[in-house]
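K.L.:
Quick note, the sequences are listed as chains A and B, same order. This note's numbering numbers the first residue of the first sequence as 1 and each following residue consecutively. This note's numbering numbers the first residue of the second sequence as 1 and each following residue consecutively.
Hints listed in this document are in silico derivations from the structure and should not be mistaken for laboratory results. In this text, a Cβ means the ideal position worked out from N, Cα and C, and glycines have one as well. Hints are supplied without guarantee of correctness; some may be wrong.
[Stated by the list, open to error] Some but not every residue of chain A turned toward chain B, in silico, with C-beta under 7 Å: (1) Tyr103; (2) Thr192; (3) Lys325.
[Unchecked claim] Chain B residues, not near chain A, derived (Cβ > 10 Å throughout): (4) Arg53; (5) Glu86; (6) Arg205; (7) Lys268; (8) Val295.
Protein chains: 2
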Amino acid sequence: MLFLKKKQINAIEVAKQAGVSQSTVSRVFTPGASVSEKARRRVLETAKELGYRPNALARGLITNKTNIIGLVMREIQNPFYPEVLEKFTKGLRKRGYQVLFVYAEKDELQHDDISQFLEYNVEGVIVTDALLSSKVVSHFTENNIPVLLFNRYAKDFSGHVVCCDNYSAGKKIGEYLLENEHCQFAYIAGDTNTSTSRDRERGFREALYHEGIEPKVEVGNYTYEGGYQAALQLLKSDPQLDAIFCANDIMALGAVDAVKSLGLIIPKDISIMGVDDIVMASLPPYSLTTWQQPVDEMIEASINILLGEISGENEGPVSILLPGKLIERQSVSTFKK
Amino acid sequence: MLFLKKKQINAIEVAKQAGVSQSTVSRVFTPGASVSEKARRRVLETAKELGYRPNALARGLITNKTNIIGLVMREIQNPFYPEVLEKFTKGLRKRGYQVLFVYAEKDELQHDDISQFLEYNVEGVIVTDALLSSKVVSHFTENNIPVLLFNRYAKDFSGHVVCCDNYSAGKKIGEYLLENEHCQFAYIAGDTNTSTSRDRERGFREALYHEGIEPKVEVGNYTYEGGYQAALQLLKSDPQLDAIFCANDIMALGAVDAVKSLGLIIPKDISIMGVDDIVMASLPPYSLTTWQQPVDEMIEASINILLGEISGENEGPVSILLPGKLIERQSVSTFKK
Numbered sequence: 001m002l003f004l005k006k007k008q009i010n011a012i013e014v015a016k017q018a019g020v021s022q023s024t025v026s027r028v029f030t031p032g033a034s035v036s037e038k039a040r041r042r043v044l045e046t047a048k049e050l051g052y053r054p055n056a057l058a059r060g061l062i063t064n065k066t067n068i069i070g071l072v073m074r075e076i077q078n079p080f081y082p083e084v085l086e087k088f089t090k091g092l093r094k095r096g097y098q099v100l101f102v103y104a105e106k107d108e109l110q111h112d113d114i115s116q117f118l119e120y121n122v123e124g125v126i127v128t129d130a131l132l133s134s135k136v137v138s139h140f141t142e143n144n145i146p147v148l149l150f151n152r153y154a155k156d157f158s159g160h161v162v163c164c165d166n167y168s169a170g171k172k173i174g175e176y177l178l179e180n181e182h183c184q185f186a187y188i189a190g191d192t193n194t195s196t197s198r199d200r201e202r203g204f205r206e207a208l209y210h211e212g213i214e215p216k217v218e219v220g221n222y223t224y225e226g227g228y229q230a231a232l233q234l235l236k237s238d239p240q241l242d243a244i245f246c247a248n249d250i251m252a253l254g255a256v257d258a259v260k261s262l263g264l265i266i267p268k269d270i271s272i273m274g275v276d277d278i279v280m281a282s283l284p285p286y287s288l289t290t291w292q293q294p295v296d297e298m299i300e301a302s303i304n305i306l307l308g309e310i311s312g313e314n315e316g317p318v319s320i321l322l323p324g325k326l327i328e329r330q331s332v333s334t335f336k337k
Numbered sequence: 001m002l003f004l005k006k007k008q009i010n011a012i013e014v015a016k017q018a019g020v021s022q023s024t025v026s027r028v029f030t031p032g033a034s035v036s037e038k039a040r041r042r043v044l045e046t047a048k049e050l051g052y053r054p055n056a057l058a059r060g061l062i063t064n065k066t067n068i069i070g071l072v073m074r075e076i077q078n079p080f081y082p083e084v085l086e087k088f089t090k091g092l093r094k095r096g097y098q099v100l101f102v103y104a105e106k107d108e109l110q111h112d113d114i115s116q117f118l119e120y121n122v123e124g125v126i127v128t129d130a131l132l133s134s135k136v137v138s139h140f141t142e143n144n145i146p147v148l149l150f151n152r153y154a155k156d157f158s159g160h161v162v163c164c165d166n167y168s169a170g171k172k173i174g175e176y177l178l179e180n181e182h183c184q185f186a187y188i189a190g191d192t193n194t195s196t197s198r199d200r201e202r203g204f205r206e207a208l209y210h211e212g213i214e215p216k217v218e219v220g221n222y223t224y225e226g227g228y229q230a231a232l233q234l235l236k237s238d239p240q241l242d243a244i245f246c247a248n249d250i251m252a253l254g255a256v257d258a259v260k261s262l263g264l265i266i267p268k269d270i271s272i273m274g275v276d277d278i279v280m281a282s283l284p285p286y287s288l289t290t291w292q293q294p295v296d297e298m299i300e301a302s303i304n305i306l307l308g309e310i311s312g313e314n315e316g317p318v319s320i321l322l323p324g325k326l327i328e329r330q331s332v333s334t335f336k337k
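With the rest of the complex left out, here is chain A (with noise of 0.2 Å):
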């Protein structure tokens, strides 16, 4: 299974031919890695001269550090999530570190899904919109390689967490609703076994329940499709809604159309409200009112927290919430006194 190439010069002939041991040449292609100036200097001429070019799979074997992050993406689809990626994958990068990118299809990560982040010894990992079992989460702690949930979190996980504060953005959009007279209230969920979801029914229902009301709920599965659907069962069996609250914007993109379908018009006769702001939520036909995630400061602080572990800082699982803050659109009445 050997398959030829050209023949690559090695760590050792650059040692040589520099007149220095290989392992200042390693540490002169290590990033972060202290050597003499006058040793850099002599080893980058002469790898230059002899065409070197560094090994990484060689560096990691003998400094065990790859420079390499796991990243597990669920909902990919999700326009939320190409800007995680994105946003992800140019901080990792300024910080030295590649992405190994993994699609997961199911909400919980079995190991099979994430094997290959320990083959490839990944440095840490990233989770984003699933779970780890505590079982999988034990193969990387047992061997000091840190695991960040990005906006996700469950009881009796060991690892670090960055979310938004959904428990706080459900019961400001709750008290914000109410503030705007609004007197019956409908939510529609995501996915209950999720905590975004539930966090974001806690609040919105601890707001609502100061005024003695309760919210109807139905699922909507995080989908347009089920946004839709989930909206006229609400207002079929409850026409005098005036407020649906979406665990997020798909959703909220669907509720909308539905409501329309049915003749009503938004804010008018119904206020919409989502999560997230994405880019359709600006769009005109839509105009959604909307929380938006802190996503930069989500990413800052979990690149933090991982890379801060890895060299060694953090004293043990850290938990961040950040709050997000209320866009203002044209999907909720708002009454000027």
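Go by the hints and put chain B onto chain A.
P.N.:
Leaving out everything else, chain B in the frame of chain A:
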């Protein structure tokens, strides 16, 4: 710079305990390598007892086969590309390959953008929606690393190309609009530097030329806002326009909203058409007639060509142009004869 991890059982210890050579152990864990059934069983049992985990880095160095494919994407947020990423990742995974993901900022990739592909000894490179200079391509071909352009091509490109037949699509779109009795045409180009946009325009012009018609052209830069502004500009200088063909759906969405903002009705007053069939094209406010790219076939062809060359089957650069198909919705007026 040594990062201590839990001591890993290595192949030497497995070999010793199983009573075989180290290269036998390596072959047992190298997909496709040949080894006797008896030796395989003994090695696997021993590995399990000792808790041995194959090290893909070591295997990559020894066999010169890393099972990693480098994938570069630029427009990851254009909804066409998350679908492409998901399908490539799944398709390559089925064939035993991992994806090292790079996000590219500019349309023409420089050496720095993808130098890590060489450092990590990827076995092949897929570039979507961007170009490589021939200098960059030669870095790979000199090392027998095949390069494939997906959804783009360039003159003098020495690698493989898999593309939608954009010229033919543009021509069929022109013919379709002519059959449906449109007379005053405009084309909103994406980026006149890319093969996709140029070919769509060439085919479109070719169809209209036969009827002695020449379309007006504006540039929309493949963005919603670009499409919106381009449509306004076109209608300002030519209010008699009755058909606008947009080089992609994102711009077509902008054109639809711009046209509506002028109080015009689609398709009664003017027809709008796009390319890609992104999810948003099917939403009721747009209901866009569009040209669907044969994504599944393009991805399967790309994987087959790339892996074919990696295993030494291909004889030279392969170029494949695949036809797409018309998706009729409600943004183009049609005359039933």
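K.L.:
With reference to the structure, classify each hint as holding or not holding.
P.N.:
Now for the hints, and whether the structure bears them out:
no. : hint   : verdict
1   : Tyr103 : 4 Å, holds
2   : Thr192 : 24 Å, violated
3   : Lys325 : 21 Å, violated
4   : Arg53  : 6 Å, violated
5   : Glu86  : 5 Å, violated
6   : Arg205 : 30 Å, holds
7   : Lys268 : 18 Å, holds
8   : Val295 : 12 Å, holds
In terms of the numbered hints stated before, the structure departs from hints 2, 3, 4, 5, listed from lowest to highest.
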